[in-house]
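Since the structure of chain A is provided, determine the placement of chain B on it from the hints.
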Amino acid sequence: MAVNQGYELPCDRALEQVWERLDAVGEGLADEHELTCPHCRTARESLLALREATQELVAETEHPPPDLLGRIMSAVRAEVRRGQMVNLPTTEPGVVEVSEQAVAVVLRYAADSVGGVRARRCRVRKVGDGEAGESLVEVELTLAVSIHNSMGSEALNRVRDRVSAAAAARVGLRLVKLDLVVDDIYEAGE
Amino acid sequence: MTTTTSAESGTPLDDATLVSRAREGDVRAYEQLVLRYQGPMFRLATRMLVNRGDAEDVVQEVFLTAWRRLAQLTENAAFVGWLYRTTTNRCLNVIRARRPQADVDLDLAESPRTDAQPAIAVEVSVQLAALNDALQELTPEQRACWLLREVHGRSYEEIGDVVGTSGTAVRGRIARARAQLAEVMRPWR
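Taken in sequence, the protein lines are chains A and B.
Going left to right, the first sequence walks through residues 1 to 190 as this note's numbering numbers them.
Going left to right, the second sequence walks through residues 1 to 189 as this note's numbering numbers them.
Extracted from the complex, chain A is given alone in its bound form (with noise of 0.2 Å):
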């Protein structure tokens, strides 16, 4: 390989073979040059030493200081844009409004009760008024399902109720139209 870069020993074998055979000779399959040059033993014990340190180093589990987390969502939430604003159903006068991306949240939710199914993304679109002045909004719902989700529509349908029930009793919209996009899948435990 083109990678030696000049690390050769004296013995002529390179830094870099060595590395690559640390494992096999530290399993006794060392040929007869291992098995006798000086030059190799002391790169071999300079590369063990490395090796351990660097496992040492890779252990080193130092964690970011506790406040680090808030000071980022911080930043994150100041910068939170809100989307579309779509109207609850009420008996007062004036305007009950809900974001978009809450109505998503709580959809996703819904989604995500059925196993072997995740919500991705959750487009919500208000498509006119209800008369108790609640929007009627349609939904665009990306899924992923699990690679070993053996129900495929069933699951599906089920999908379908939990969301249509939750926009209805947890939010109070009305949804006209629902459509459910299989785009992906994962593993399970991931």
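These aren't lab readings, by the way, just hints derived from the structure by calculation.
Hints are not guaranteed to be accurate.
[Stated by the list, open to error] Some chain B residues judged to face chain A by a derived CB distance under 10 Å, without partners named:
#1 S20
#2 D26
#3 Q38
#4 G39
#5 L73
#6 A182
#7 E183
#8 V184
[Claimed, not checked] To give a feel for the contact side, a few chain B residues facing chain A, derived at Cβ under 10 Å:
#9 Y30
#10 F79
#11 L181
Cβ coordinates follow ideal geometry from the N, Cα and C atoms, glycine included.
Below, chain B alone, put in the same frame as chain A:
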């Protein structure tokens, strides 16, 4: 709350799901991503910069920029790679910005390895201390390549994208870094 674990078993949601939710403005999904990746990014930045304060600043900027650019991220699964790339590049920029100061007066310039580093103070292993010292002797680009590969397990191709070169060239750089590091790991010298 509702968006951070799947309802089926309480297992954490996969990155792609969290990224696509965050892209739509779901702050809690994004918070989960920050929680998941602030540790590795912080450790990478700390080892690149050897200064916790600078590392914190870098990590904060990286996650805020990531939030702003989520819409441009076409592939949900590319999020982590993007984080590594941005963190590395910001660290390299910070180091470049420091250099003139060190060149002016080496004695008066603030040493990057001061006692304000609890991370280094708590080290117990002599080997690890030697490695940390040796890492600072590498060029920043070499150090980045070596850390990304040997500590964070990124692929040669991905590291090549980060530092603007090929996977083969990265392999060579890491081999040189390894030779240099192994040199100081000889206890009898």
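Structure-based check of each hint:
1. Among the interface hints, the one on S20/B holds; its C-beta lies about 4 Å from the nearest C-beta in chain A, closer than the 10 Å criterion.
2. This hint holds: D26/B has a C-beta 6 Å from the nearest C-beta of chain A, less than the 10 Å allowed.
3. Hint on Q38/B holds. Least Cβ distance to chain A is approximately 5 Å, under the 10 Å limit.
4. Checking G39/B against chain A: minimum C-beta separation of about 6 Å stays under 10 Å; hint holds.
5. For L73/B, the suggested interface contact is broken, since its CB lies about 13 Å from the closest CB of chain A, more than 10 Å.
6. Taken as an interface hint, A182/B checks out: its beta carbon lies about 4 Å from the nearest beta carbon of chain A, inside 10 Å.
7. At a threshold of 10 Å, the smallest CB-CB gap from E183/B to chain A is about 7 Å, leaving the interface hint in force.
8. The beta carbon of V184/B comes within 9 Å of a beta carbon in chain A, closer than 10 Å, and the hint placing it at the interface holds.
9. Evaluation of the Y30/B hint against chain A yields a held restraint, the C-beta minimum of about 6 Å falling below 10 Å.
10. A distance limit of 10 Å between C-beta atoms decides the matter here; for F79/B the minimum to chain A is near 13 Å, and the interface restraint is violated.
11. Against a cut-off of 10 Å between C-beta atoms, the interface hint on L181/B holds, since the closest Cβ of chain A lies about 5 Å away.
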